[in-house]
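Colleague: Please arrange chain B on chain A, whose structure you already have, making use of the hints.
Number of protein chains: 2
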Amino acid sequence: MNTQLSGTSFIGFSRSTGSQACSQAVNPATGEKLAPQYLAATGEEVEKAMSLAASAFQTYSALSGKTRAGFLRTIADKIEASVEDIAARGPLETGLPEGRMRGETGRTTGQLRMFAALLEEGSWVDARIELAQPDRAPVPKPDLRSMLRPLGPVAVFCASNFPLAFSVAGGDTASALAAGCPVVVIAHASHPGIAEIVATAVVAAAQECGMPEGVFSLLYGGGRTIGQSVVKHPVTQAVGFTGSRAAGTALMASAAARPQPIPVYAEMSSVNPLVILPGALARGEAALAEAYYGSLTLGAGQFCTNPGLVFLPADKGDEFLARLKELVEAGSPATLLNASICSAFSEATGSFATAAGVETLARCGNDAGHGQASPVVYTVSIADFVGNETLQGELFGPGALIVRGSLAEIESAIAGLEGQLTATLQASDEELAENTSLVAALQQRAGRLIFNGFPTGVEVCSSMVHGGPFPSTSDGRSTSVGTMAIYRFCRAVAWQSFPDAALPPELQAANPLGIKRMG
Amino acid sequence: MNTQLSGTSFIGFSRSTGSQACSQAVNPATGEKLAPQYLAATGEEVEKAMSLAASAFQTYSALSGKTRAGFLRTIADKIEASVEDIAARGPLETGLPEGRMRGETGRTTGQLRMFAALLEEGSWVDARIELAQPDRAPVPKPDLRSMLRPLGPVAVFCASNFPLAFSVAGGDTASALAAGCPVVVIAHASHPGIAEIVATAVVAAAQECGMPEGVFSLLYGGGRTIGQSVVKHPVTQAVGFTGSRAAGTALMASAAARPQPIPVYAEMSSVNPLVILPGALARGEAALAEAYYGSLTLGAGQFCTNPGLVFLPADKGDEFLARLKELVEAGSPATLLNASICSAFSEATGSFATAAGVETLARCGNDAGHGQASPVVYTVSIADFVGNETLQGELFGPGALIVRGSLAEIESAIAGLEGQLTATLQASDEELAENTSLVAALQQRAGRLIFNGFPTGVEVCSSMVHGGPFPSTSDGRSTSVGTMAIYRFCRAVAWQSFPDAALPPELQAANPLGIKRMG
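Sequence lines, in order, name chains A and B. So that you can map any letter, position 332 of the first sequence is 337 in the numbering used here, and since no number is skipped, the others follow by simple counting. So that you can map any letter, position 294 of the second sequence is 299 in the numbering used here, and since no number is skipped, the others follow by simple counting.
If you're looking for bench data, these hints aren't it; they were derived computationally from the structure. Nothing here was measured: the structure is a model prediction, and the numbers come from that model. Take these hints with a grain of salt, some might be off.
[To be verified] Below are the BS3-like pairs computed for lysine-lysine, each with C-alpha atoms no more than 30 Å apart in a straight line:
id, chain 1, residue 1, chain 2, residue 2
1, A, Lys321, A, Lys83
2, B, Lys83, A, Lys146
3, B, Lys53, B, Lys237
4, B, Lys83, A, Lys83
Next comes chain A alone, as it looks inside the complex (with noise of 0.2 Å):
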């Protein structure tokens, strides 16, 4: 290791000295706990990082994008030179791939470099410009020119199942930075020193950058109470969040109780209902049967797109069925990410196996070892899943669902569907054009439509939705992923009569940056 690891957060650029031992890594394959003992950072130092962002904002702020994009391409450089180091300790923390490790930190680093090139190019801002119509009648018309501006400090919460690509400087905080916030992190206790390898590649990309101190911190201890405390503070002025319902429902509950609410953008629980309608069927149940398992096994199923409810005709799909009881029988148990994970999936899967008229397609036979999940496949009737609130709650990890009835039976089930990320339509083009009160239906309750592919796999570009009505999201007018993520962490300004030079440059007569915009 290249990173040595201290255990201590990072409080602007200084390193925290901590009061008391907050966690300490867990290898989830075998129990054994990882070096060092990680300090949790003290009310004070959750203060001095604050005072330091808000005072950071002031000037961060006011930088061009392009000095902006610069800091983010530096990020990607320094986390790519650490990427052995990631390689090395990210299985360790988070029971992953190596290969899994290099590849997030590819999206990483891939996701800053995207934002600087937004930013590089500018027009991203939104800017409106209306000129005076100073002989109008009956009164004079101002001139008057828009353009988004950021909120003020983020806090950032990283995320078990993404310990890269949705943790320290993941898209939250690529988005953050790049629309002129600073980001408090809170560090996630599952995987604190790729946390730290991370955060030493930030901290050293500010400085090297000349980034005002403050622009990032990364605290440790607990986002029960390090990270609520953070959430209440006056300074920060939205919080982005990836994780369970339970915990993301408590920061909005904190957000809007504060004197000044904030928005929360959490993206929480998403079952993504996958549609199979006779003409998928009709292309082969055992390829699709394959695909879908690929699909739900991936990452040990642990990704918020993980399709996790299956809705099939009642009367046809045996085949695929069949196909997929092999494959799940003779699967392999998965290390999940973490122990808490790990006892929820087994309590949630415990409760679908004895919901009323819920049977078990399959169980993969092999035995899970230490920290491990053996995918696992229920089926239901539509009758015994809708009114069953249990059944619509997520298995994280690598278990589904199969909801059985009729085309009419399926559309009134998914009208009564919670808010997801994802909904997906396995069906032939004829089926599809013919069904479009049953397309209408999954559009209103999902951020993202699939047409006869997988919902996992999210693309990061500028047409991706990932958020979706609530409990997917906190916030279904957002995405965590792409370039419309930064309109998060954004407000249009409007400067009424300003004089030209006085304007940012976005909005200037000459327009220096070259931008497009309206009017």
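Modeller: Same frame as chain A, but now just chain B:
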């Protein structure tokens, strides 16, 4: 009157039978009650309106932008055709002059037509298209396209201070209908007759245009009872409100406490700080005082952008104050919108007048009649202003507080202000260029910055931002005026790997609507 006032709610296309009398309009200038009695919608009728709205959403949200535009234009035409009724009834209910009623009718129809034009042009949906790259390594890139879609039925509360432009068919309703959302309006007890005249026009337009029943309903019965039940109703997906901070934060709390929290766009309270620097005084103190007095007393000071808080150098501006004193003392008391606004103004001025260090610069010397308020201006030092929360409160009416201190003290006081709709700087170009940190402090606290002008007179256009940090609005990321207001009621949806024919026209390869798109 051509519109016969019946005193009952509009439940879709039907009229309610009501249950019991809930309110009767009162002429604020005389205290006289105005017929008819208005009847509160029953609980069953509210259910019916919500259920119609849910079902209308299915069809209304699927209509083309051009069809929705036709509906908005027809509403505007029908309202225009009722302008004589509005001009007759409006002054009786509001104390506002007939000219204001006619002008505000024009603003209302202008807003409806502005959104119609936005829909007809069509690019507002932010269509983004990224083509598939089937050969990309290591994984193929899928075809991904996104655009904005409506949230669902919206609850709109009528505003007391804009009986037309922010009431039944005002900005919130126009932007929600434009987005594709059915609207359930909750009437304001102050102007039930105007509400009925306008609702009659909206329902006639909906029927003439073949809109689904439930695209619009109007409920009488009071914001705290009927209004809260609509906000808590599972069908409702967003809320638009303009009114007091107490009522707005109560709606925010209800919306946050729902099993499915929903966004609330509440425009609440703003004192709209105006900073006067020596350069502005040097241009002519008396003229500045006259222009300021005009803005302060416009509409009896009952605009959300009323400049109620002025920062003036401690050692300058004597002539400004002297002229302002003359104007206030010689001014006219004005009839306020209703008895409760009148008593709130009286109470608020009472607590200002008795606050530590506050002096009354001038109070209108002419007798105030029934329901009237007299213009009044107070002064206070920065030292007494800072830390006295009462003095940050809104004087909703023709009242202002002038705070005097050094430039450094003013800047520091501004950093302690709550969020505002607007912030105004009166200064020379040189002062504007020199005082970057003062301007940044104003920008961080407001949605719109005005240079050498006044905040009243909100232009309805594409670059207007009429929204600011809490508590000026509940959600500083939004505007309630101008075309950007439509974004409040939308969320992005992505389509992955859909055949061209199954995509919305906005996303089809041939771009049949000819809109601007990304990609």
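Colleague: Now look at each hint and say whether the structure bears it out.
Modeller: Verification of the supplied hints:
For the hint pairing Lys321(A) with Lys83(A), the CA-to-CA distance comes to about 53 Å; that exceeds 30 Å, so the pair is violated. At roughly 27 Å between alpha-carbon atoms, Lys83(B) and Lys146(A) fall within 30 Å of each other, so this suggested pair holds. For the hint linking Lys53(B) to Lys237(B), the alpha-carbon distance of about 15 Å falls within 30 Å, and the restraint holds. The hinted pair formed by Lys83(B) and Lys83(A) fails the criterion: a straight-line CA distance of about 63 Å is larger than 30 Å.
When held up to the earlier numbered hints, the structure conflicts with 1, 4 and fits the remainder.
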